[in-house]
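Following the hints, complete the assembly by docking chain B onto the known chain A.
In case you want the letters, here they are:
Protein chains: 2
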Amino acid sequence: MKKNENIVWHNNKVSAEDRRRVLGQKGLVVWFTGLSGSGKSTIAVELEKLLNEAGRAVYLLDGDNIRHGINADLGFTDEDRNENIRRISEIAALFCDAGIITLVSFISPFRKMREFARERAGDENFIEVYVSTDFETCRQRDPKGLYQKDISHFTGKDSSYEEPLHPEIVLETVSCDPTQCAEIVREEINRREVESV
Amino acid sequence: MKKNENIVWHNNKVSAEDRRRVLGQKGLVVWFTGLSGSGKSTIAVELEKLLNEAGRAVYLLDGDNIRHGINADLGFTDEDRNENIRRISEIAALFCDAGIITLVSFISPFRKMREFARERAGDENFIEVYVSTDFETCRQRDPKGLYQKDISHFTGKDSSYEEPLHPEIVLETVSCDPTQCAEIVREEINRREVESV
Numbered sequence: 017m018k019k020n021e022n023i024v025w026h027n028n029k030v031s032a033e034d035r036r037r038v039l040g041q042k043g044l045v046v047w048f049t050g051l052s053g054s055g056k057s058t059i060a061v062e063l064e065k066l067l068n069e070a071g072r073a074v075y076l077l078d079g080d081n082i083r084h085g086i087n088a089d090l091g092f093t094d095e096d097r098n099e100n101i102r103r104i105s106e107i108a109a110l111f112c113d114a115g116i117i118t119l120v121s122f123i124s125p126f127r128k129m130r131e132f133a134r135e136r137a138g139d140e141n142f143i144e145v146y147v148s149t150d151f152e153t154c155r156q157r158d159p160k161g162l163y164q165k166d167i168s169h170f171t172g173k174d175s176s177y178e179e180p181l182h183p184e185i186v187l188e189t190v191s192c193d194p195t196q197c198a199e200i201v202r203e204e205i206n207r208r209e210v211e212s213v
Numbered sequence: 017m018k019k020n021e022n023i024v025w026h027n028n029k030v031s032a033e034d035r036r037r038v039l040g041q042k043g044l045v046v047w048f049t050g051l052s053g054s055g056k057s058t059i060a061v062e063l064e065k066l067l068n069e070a071g072r073a074v075y076l077l078d079g080d081n082i083r084h085g086i087n088a089d090l091g092f093t094d095e096d097r098n099e100n101i102r103r104i105s106e107i108a109a110l111f112c113d114a115g116i117i118t119l120v121s122f123i124s125p126f127r128k129m130r131e132f133a134r135e136r137a138g139d140e141n142f143i144e145v146y147v148s149t150d151f152e153t154c155r156q157r158d159p160k161g162l163y164q165k166d167i168s169h170f171t172g173k174d175s176s177y178e179e180p181l182h183p184e185i186v187l188e189t190v191s192c193d194p195t196q197c198a199e200i201v202r203e204e205i206n207r208r209e210v211e212s213v
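Those sequence lines, one after another, are chains A and B. Each residue of the first sequence is one higher than the one before, counting from 17 in our numbering. Each residue of the second sequence is one higher than the one before, counting from 17 in our numbering.
No wet-lab data here; the hints were simulated from the structure. Treat the hints with care, as some may be off.
It does not matter which identical chain is used: a pair holds within one copy or between any two.
[Claimed, not checked] Taking lysine-lysine and the DSS-like style, the derived pairs with C-alpha atoms no more than 27 Å apart in a straight line are:
no. : residue 1 : residue 2
1   : Lys29     : Lys160
2   : Lys65     : Lys29
3   : Lys173    : Lys29
Looking at chain A on its own, in the form it has when it is part of the complex (with noise of 0.2 Å):
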């Protein structure tokens, strides 16, 4: 008999159930929403370090590493925006399925495109997390430079940003500092944690 007769082309999957228990944890989407110089960023950079400090596999997905590569082919038109969001939303549900705590810090302005990602990594690991500064705080702040220049499509001005209905948490970021609002968001996740078990 030749040996490659004996060969069984199974196919029994790693399952997320096995992922986890290397791991030692659930896989989340924690999806960051708000206008530019909200405070997102900053806040979802600090979570990131408090959970690895804490030993969790947490992973940030932003502009820094989406822009400029999966999503280097993309402008800033409405449907860019939304394929954007369309592709982070599938990379997102993919992490997650992975095990990963998966921090999503982006504008993302259209409840469709948010209520999107929420159904592509499943309702019960997703947590939206509305970043509310207004806009003329924004306005102010503005680490980057943007509102300065004379962006066209740019949310919040000429391009609408949608609020939230239903956002798990809303975090307040001119009467909380950073470090405080991602403690807020890492109750959240131990307390999901906590309810899969």
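Chain B in isolation, oriented as in the chain A frame:
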């Protein structure tokens, strides 16, 4: 003094090294290439299981989670196949950066695109595995019944497959069963990790 005047908007992101400390491993991309029916997915699934059972953080990107998700908008023309592989390359590089041993199983017929994948992950993090089963054997196995159909742009028939020139590993599935093949790749993964300590 108002509370938010204290805010330091720092940006000390968690590094790949920080993630490595948590996961106890280095991120890698293991890229399986070969004809349809060559056995690459069977070997990748086997390897995924071996690594998961050994307590490693591993994730498999293949048709099941990519073609129906992020790349659902793409067809099978050369242009779309290149875009398919471009996006998978970027996703694999993100997973690698996150510290995951990332297995990728796609025909990926074009040398240029596999080189792109290597470049994005970083040469030191990339293992190209050529599953070198010959066309006739693949046609006889035909696990998906694809060779029997009259599919246009079918790799090995009317669409070309460019064999790797310098793959890290060549697997001969005619003389080796999937478990043996997976073990060969696992040894290379272990060797890479020892080297990188």
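Hints, verified against the model:
no.: 1; hint: Lys29 x Lys160; verdict: between (45 Å within a copy, 17 Å between copies)
no.: 2; hint: Lys65 x Lys29; verdict: between (32 Å within a copy, 7 Å between copies)
no.: 3; hint: Lys173 x Lys29; verdict: neither (48 Å within a copy, 30 Å between copies)
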